[in-house]
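K.L.:
Next come the chains, spelled out residue by residue.
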Amino acid sequence: MKRRTFLAGLAAVPVAGCGLSGTSNTSSSATGQVTGEITFQTWSLKPKYTDYVNGVIDAFQKQHQGTTVKWVDQPADGYLAKVMADASAGSLPDVINVPPDLSFPLAKAGQLVNLDESLKDAKPEYLDNAWQAFEIPGKGGCYGFPWYLNTGPIFYNKALFTQAGLDPDKPPTNFKELETQALQLAQKKIAILGQTPSIADFGLYGVKLFENEKFTFNEAKGVEFVESYKRMYDAGALIPEALTQNYTGAGAKFMAQQTALNPGSAYDLGKFKTDAPSLYANIGISTPITNTGSANMFLHGMSVPKSSKNQATALAFGRFATNAENQVKFAKLASIFPSTSKGGDDPYFTTEDGTDEARVRVAAAKQLKTAVNYTPVQFSDQMREALLQQLADAMLGKKSPKQALDDAVAECNRLLK
Amino acid sequence: MTHRPYTPWLFLAPGLAICSLFVIFPFLNMIVLAFTDASALGGGQFTGVDNFVRMVQDPKFWAAARNSGLYMVGVVPPLVLLPLLIAMLVQKVVPGIGIFRTAFFTPVIASTVVVGLIWTWLLDSRGLVNNVVEALGGTRIGFLTDSTLLLISSMVVTVWRGLGYYMVIYLAALANVPKDLHEAAMVDGAGPVRRFWSVTVPSLRPTMVLVGALSAVNGFRVFSEIYLLSGGSGGPGGASTTLVMLIQSVGRGLTGEVGYASALSVVLFVILLGLLLVTLKLNRREDQL
Numbered sequence: 001m002k003r004r005t006f007l008a009g010l011a012a013v014p015v016a017g018c019g020l021s022g023t024s025n026t027s028s029s030a031t032g033q034v035t036g037e038i039t040f041q042t043w044s045l046k047p048k049y050t051d052y053v054n055g056v057i058d059a060f061q062k063q064h065q066g067t068t069v070k071w072v073d074q075p076a077d078g079y080l081a082k083v084m085a086d087a088s089a090g091s092l093p094d095v096i097n098v099p100p101d102l103s104f105p106l107a108k109a110g111q112l113v114n115l116d117e118s119l120k121d122a123k124p125e126y127l128d129n130a131w132q133a134f135e136i137p138g139k140g141g142c143y144g145f146p147w148y149l150n151t152g153p154i155f156y157n158k159a160l161f162t163q164a165g166l167d168p169d170k171p172p173t174n175f176k177e178l179e180t181q182a183l184q185l186a187q188k189k190i191a192i193l194g195q196t197p198s199i200a201d202f203g204l205y206g207v208k209l210f211e212n213e214k215f216t217f218n219e220a221k222g223v224e225f226v227e228s229y230k231r232m233y234d235a236g237a238l239i240p241e242a243l244t245q246n247y248t249g250a251g252a253k254f255m256a257q258q259t260a261l262n263p264g265s266a267y268d269l270g271k272f273k274t275d276a277p278s279l280y281a282n283i284g285i286s287t288p289i290t291n292t293g294s295a296n297m298f299l300h301g302m303s304v305p306k307s308s309k310n311q312a313t314a315l316a317f318g319r320f321a322t323n324a325e326n327q328v329k330f331a332k333l334a335s336i337f338p339s340t341s342k343g344g345d346d347p348y349f350t351t352e353d354g355t356d357e358a359r360v361r362v363a364a365a366k367q368l369k370t371a372v373n374y375t376p377v378q379f380s381d382q383m384r385e386a387l388l389q390q391l392a393d394a395m396l397g398k399k400s401p402k403q404a405l406d407d408a409v410a411e412c413n414r415l416l417k
Numbered sequence: 001m002t003h004r005p006y007t008p009w010l011f012l013a014p015g016l017a018i019c020s021l022f023v024i025f026p027f028l029n030m031i032v033l034a035f036t037d038a039s040a041l042g043g044g045q046f047t048g049v050d051n052f053v054r055m056v057q058d059p060k061f062w063a064a065a066r067n068s069g070l071y072m073v074g075v076v077p078p079l080v081l082l083p084l085l086i087a088m089l090v091q092k093v094v095p096g097i098g099i100f101r102t103a104f105f106t107p108v109i110a111s112t113v114v115v116g117l118i119w120t121w122l123l124d125s126r127g128l129v130n131n132v133v134e135a136l137g138g139t140r141i142g143f144l145t146d147s148t149l150l151l152i153s154s155m156v157v158t159v160w161r162g163l164g165y166y167m168v169i170y171l172a173a174l175a176n177v178p179k180d181l182h183e184a185a186m187v188d189g190a191g192p193v194r195r196f197w198s199v200t201v202p203s204l205r206p207t208m209v210l211v212g213a214l215s216a217v218n219g220f221r222v223f224s225e226i227y228l229l230s231g232g233s234g235g236p237g238g239a240s241t242t243l244v245m246l247i248q249s250v251g252r253g254l255t256g257e258v259g260y261a262s263a264l265s266v267v268l269f270v271i272l273l274g275l276l277l278v279t280l281k282l283n284r285r286e287d288q289l
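The listed protein sequences derive, respectively, from chains R and X. Using UniProt numbering, the first residue of the first sequence is number 1, and each one after it goes up by one. Using UniProt numbering, the first residue of the second sequence is number 1, and each one after it goes up by one.
Honestly, the hints are just simulated from the structure, not real lab data. Treat each hint with caution, since some may be false.
To be verified - Cβ-Cβ distance ranges computed for the label pairs, FRET-style: (1) R:Gly66 with X:Val113: 43 to 51 Å; (2) X:Val56 with R:Pro124: 50 to 58 Å; (3) X:Phe22 with R:Asp275: 40 to 48 Å; (4) X:Gln45 with R:Asp128: 33 to 41 Å.
As the list claims (entries may be wrong) - Derived lysine to aspartate or glutamate pairs resembling DMTMM-like cross-links, with alpha carbons at most 20 Å apart: (5) R:Lys208 with R:Glu224; (6) R:Lys398 with X:Asp146; (7) R:Lys306 with R:Asp77; (8) X:Lys60 with R:Asp407; (9) R:Lys417 with X:Asp58; (10) R:Lys208 with R:Asp407; (11) R:Lys188 with X:Glu134; (12) R:Lys230 with R:Asp201; (13) R:Lys189 with X:Glu134.
C-beta: ideal position from N, C-alpha, C; glycine also.
Put together the whole structure using the sequences plus the hints.
P.N.:
And the structure:
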């Protein structure tokens, strides 16, 4: 009997632990006095940007006497789990650094303060496309102060292009050219890409991703896009790991010169310089591959939970930390771009000084004016996985591209509910 | 000597409190959640057995259960036999044997992530193993990009990691095998192989059952090895996903389906419990024979 009890316990331990409790929103007023203590949580900014963040906090506390901002920085690993645990317990920090896809489920669950209601005059201070990224599509309301943006060029390996007989100064600029050049590289056994397309790539191809509360990327254009990738995969233009790889994995393969082309950002250029000097010597930089004329954009923001006991101070701090002055200062430190309507006018983003870094920066800043955050905010991690798996089946020939996309869309729409 | 009746409970209290808080309560909560449509951000509504009905109709569940089953079948025999052979080799007290014992035990204490990265570098399509294969005139093998080979590669990592741990268990058991049994067998003319099968194995049967049960449970609930070798994807098309990976995939994040993940966890618990009870029963039957 005792042994049986022990064995039951042994079996139970690994699977237990998915406990949840209900959440509570004891909201305070957004229009109260700006005073008291708040907690501000960032996503992996220590130790590199410690001085910058402390500077912003000091300036805010000086401007608003009687306020105290407690800064908590969470490492990137486990950030989502931390936000999830805090959200489940109804104890989110007063100001949290979240990208749109993380703010969306929180906003949908009614946990975030709607800035359109609480700070009606804030919207004009930010770029329209950045503000829209924190709205719930179709329902309105903005649930985060847009913070830093990023977009990037594509990087390509000129040596590999030359090896395949391609002009190293004419990389692909649209998806048709991508396929043509990929097939030529594949003839020399050089893979061009390290991953299958993401949902943003479908957007860049011109596929309609989401309409009337449903995913629609299985439309004819989407199928055409996957068929193009299938032809490239069959020719060996994608490395075998492409079927399971994420953005980081594909970047590592490009750094190891196992692929000829990879999208990136100004930040990556510095990484190539220090971590892959032989690649850096052959690096080509070009505009993003797009059929729409717009580049893809990534952004982060700051949201204020309704559970904050000091909403007025939290909102004031969020607005202060994301104002043009603070964002430009941060952008100069971190190879990112401001999301404020005026921040991009700084000469730092409009003038080249002859270095590759400045060239990438100025080109990216120009791109950002028309850039689109192609990833729908509704597109969760589970949906990303479903798309990756279906695309793998399509590449391996287990399913037709049409069937794979139909299945991916069905799964994404099921997960939407 | 007399003692107050509640004294033992005072000693037990800290352990019981920790166990209740971190094991019993979450376990009971999980069972409740299995009958709801709870998400990460809400308590959810009671949905009866809907999650279990969905599970029966979910091809991903069956694929994951099959992969976990195959994994268990693949790792248990080598994890029962190989550590025993190694234990017998390093049991002898000869100069420098400590180095070998330590070497075999090192993978057990190595970080899982580091182990995963090392094996990924070894088995990658451009990794060391494939470079050697190509240098010998062969074609590159998709250890990490073919769903079957990915499962087998992960099993190899599991066996490699477990050797040292089970070796230590066998070493302790071997020390308890009476020497006179071996001596008597030698007097009767038994060679090393005969002594292994007729003396060592019967003496170690309870230990072998324990190792079998532990490695079966660990094999069925494998996660880290496949997760790391597949970069978290479960292989191309998720075809190598195991049951625990499926639970993680379904329940993770702010949009996770915690109700369904809990139902999957309940099923995993029942399977593991069943597995352990069968092992126990088999062991008892052999004891009675």
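K.L.:
Now tell me, hint by hint, if it's right for this structure.
P.N.:
Status of the hints after comparison with the structure:
Our hint of 43 to 51 Å for glycine 66 of chain R and valine 113 of chain X holds, since their Cβ atoms are close to 45 Å apart. Against the hinted window of 50 to 58 Å, the Cβ-Cβ separation of valine 56 of chain X and proline 124 of chain R comes to about 55 Å, which satisfies the hint. A C-beta distance of roughly 41 Å is found between phenylalanine 22 of chain X and aspartate 275 of chain R, which places it inside the suggested range of 40 to 48 Å. Checked against the hint of 33 to 41 Å, the C-beta distance between glutamine 45 of chain X and aspartate 128 of chain R comes to roughly 39 Å, which is consistent with it.
For the proposed pair lysine 208 of chain R and glutamate 224 of chain R, the alpha carbon gap of about 13 Å is at most 20 Å, so the pair holds. Restraint check for lysine 398 of chain R and aspartate 146 of chain X: satisfied, since their Cα atoms lie roughly 13 Å apart, inside the 20 Å limit. For a cut-off of 20 Å, the pair hint linking lysine 306 of chain R to aspartate 77 of chain R is broken: about 25 Å separates their Cα positions. For a cut-off of 20 Å, the pair hint linking lysine 60 of chain X to aspartate 407 of chain R stands: about 13 Å separates their Cα positions.
Straight-line distance between C-alpha atoms of lysine 417 of chain R and aspartate 58 of chain X comes to about 17 Å, which keeps the hinted pair within the 20 Å bound. Between the alpha carbons of lysine 208 of chain R and aspartate 407 of chain R the distance comes to roughly 17 Å, so the proposed pair stays at or under 20 Å and holds. A threshold of 20 Å between alpha carbons decides the hint, and for lysine 188 of chain R with glutamate 134 of chain X the separation of about 17 Å falls inside it, so the pair holds. The hinted pair formed by lysine 230 of chain R and aspartate 201 of chain R meets the criterion: a straight-line CA distance of about 15 Å does not exceed 20 Å.
As the CA atoms of lysine 189 of chain R and glutamate 134 of chain X are separated by approximately 15 Å, the hinted pair is consistent with the 20 Å bound.
The structure shown violates just one earlier hint, number 7.
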